[in-house]
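Residue numbers (the working numbering), protein chains in the order written: chain A, -15 to 344; chain B, 158 to 519.
Derived from the structure by calculation, the hints contain no laboratory data. Treat the numbers as computed from the prediction; the structure is a model and nothing was measured. One or more hints might be untrue.
[As the list claims (entries may be wrong)] Pair by pair, the computed Cβ-Cβ distance ranges are: (1) GLN346(B) <-> GLU214(A): 35 to 41 Å; (2) MET272(B) <-> GLY195(A): 49 to 55 Å; (3) ASP110(A) <-> ALA502(B): 50 to 56 Å; (4) GLY358(B) <-> SER261(A): 28 to 34 Å; (5) VAL459(B) <-> GLY256(A): 51 to 57 Å; (6) ALA47(A) <-> GLY494(B): 36 to 42 Å.
[Claimed, not checked] A short list of chain A residues far from chain B (calculated; beta carbon distances all over 10 Å): (7) VAL51; (8) ALA259; (9) ARG299; (10) THR305.
Just so it is clear, CB atoms sit at the ideal spot from N, CA and C, and this is done for glycine as well.
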Amino acid sequence: MKRRSFLAGTAAAATAAAAGLPARAQADKIKAGFIYVGPITDMGYNYQHNVGREDAMAHFGDALETVYVENVPEGPDCERILTQLALDGCDIIFATSFGFMDPTINVAAKFPDVKFEHATGFKTADNVAIYNARFYEGRAVIGHLAGKLTKSNQIGYIVPVPIPEVIMGINAAFIAARKANPDVQFKIIWIYDWHNPQKEADAAKALVEQGCDVLMQHTDSNAPITLAEELGIHAFGQAADMSAYGPNACVTSIVDNWGPYYIERIGMMFDGSWATSDQWLGMPEGVIVVPEINANIDPELRAEADAIRDSIINREYHPFTGPLNKQDGTEFVAAGEVADDGTLLNMMFYVEGIDAELPS
Amino acid sequence: MAMIRLERRADPSNFWRYGAPLVAVLATIIAGGIMFALLGKNPVEAIRTIFWTPFTGRNAAYYLSQLPIKAAPLVLIATGLALGFRAGIWNIGAEGQYVIGALSGAAVALALYPMEGRWLFIICIAASLAGGMLWAMIPAVLKVRLGVSEILVSLMLVYVAENILASLAVGAMKNPEGYGFPGSRNLSQYPAVANLDIWSGTGIHWGVIAALLSVLAGQILLSRHILGFQIQVAGLAPRAARFAGVAPGRLVMVCMAASGALAGAAGWFELAGPSGIVSVDFNVGYGFTAIIVAFLGRLHPVGILLAGVLLAVTYVGGDVARSSLGLPAGSIQSFQGMLLFFLLALDVLTAYRIRIGRKARA
């Protein structure tokens, strides 16, 4: 361990000198740290961030050293773990959960030479960049599938906490489902947790008992998929490809693919071009991926879903294309226009037609 | 047939009373080392990282400043719990009292935001003491009036408190300038109530001072005050205590109130300082770890102080091991849990001696 911290501590110059390379402005060796809010074995959100880290390692080889800490609570301990990574010689640190926001800003102020990247938040600094994914783009594809697949016209939706990201996901899925099937209705259960297999399974059971025959989730565990497989109904994976947990039930998933972003940002560390930025990436950039639809689905429906997916990837279609009304009937996107990012990021309302009340 | 028997000692062994914690720490290091080895890590390096990096190496100054931050809530809570534990009153729900205390302080602070004046901090401390105490009064009253187990009620109320926390973090206490995201305003950035380092960079905030004062107060109470005497007698000999005029109901109320209030204050000091935000993940188990601290410290205030620092080392060093050696988080928690496990097992030796031999004479 001593040698490792020695190497990291003395950073690029010493390594370059030892290797007999000329000193350059660019770095020859970069150490990147990652902190995850949950276990990397969650097969969902945290698993996918770790896959992104592994993609970066495979891409840069020995020039990139990475460290990660999993199960970091979004509370007081986060700041210490971030500080520790900075002290340990990390050149860039990825804080991959919303609740790490204030600790990241605090620690970044103490380490101006270390670069920080915070996922899904809204605070930046000279050495803090933010990044997020347009999860809602995937929702438009699976919303269409769900609308066509339901026979009871009841779609169950398990959600963590009422924040704009989650609400815009519900709305995007609902808009697409209604287009595919005007009689469709959503039943929504909030569990106030991002990864809780027990609560997710309970919510899934309750939704099925209320007549839902298709399940969607914005929570991270595979519990709803497993249940759907047992009951012989359809469900959609979240964050990772969950088809292994429901070979028949899992229609497709919305996969977070962070590798391209991590490779790009770490690459900027190597060539010295890193600068703070605010990026919201989606299906066109390959950060959100909808994998191949289950072969047990009718080929015609698969083709429809593929067409929607391709139109989003080619930027021909925006899931929030007007005319769109809020639940109270007031218009928020005019006919022929698309919702701007500000509207989406502050979305604290349901769209017209959803028969539920948004928790305050 | 050769067999192992436990034989009750005539008098509790003083050697084992004070030796058990040390042997338990050693046993934990050995068993923990085996666990780390099974995880494919170098056990010597893992143990060395956990216990030595906070004190040595080039980042020691930072890690040392983290020790008081981690130890303060543990010591504050454990000192209160020890009073009840000595009297045979089992408050297992300090975690819930910690949460409710923090929320009570936060409620005052957020209601008065952005009012200026350092006296607000005092009001918030008072609110947290009251909040934690009232939450602990629920199991106390149920115990005294209806004979309901305080162990179960206090434990169950932890889950109630966590749900109240979750509901407030995404509801009533949500930051109005937070773009709809869960979590309150950052109270550590609200100067009137912030619990920051008294000397910058030392990690010594007002909660650390409160923890030291609680140790002092606990020591005086147990050695010099009639209440301390009553607590000790009630624990050692409940029948004798009644004859000595101890009202068991009153003792339950007093011990639960004291431990609840201290846990509540610990919650507020944490919220206004290291944590800052009322968030769903605010509580990280100090209320439960404090039970280990109380027993490891022999329910003795000074012992609790030492035990609190030891557990703080395992937290800080454990986090270092997680990032530098890639140890999973669960293994550090298991390591801490082993400490209590071995301690309780070894405590048997205080009251009993082991006899190995034939069961010949009765």
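Would you pick out the hints that fail for this structure and give their numbers low to high?
1, 7
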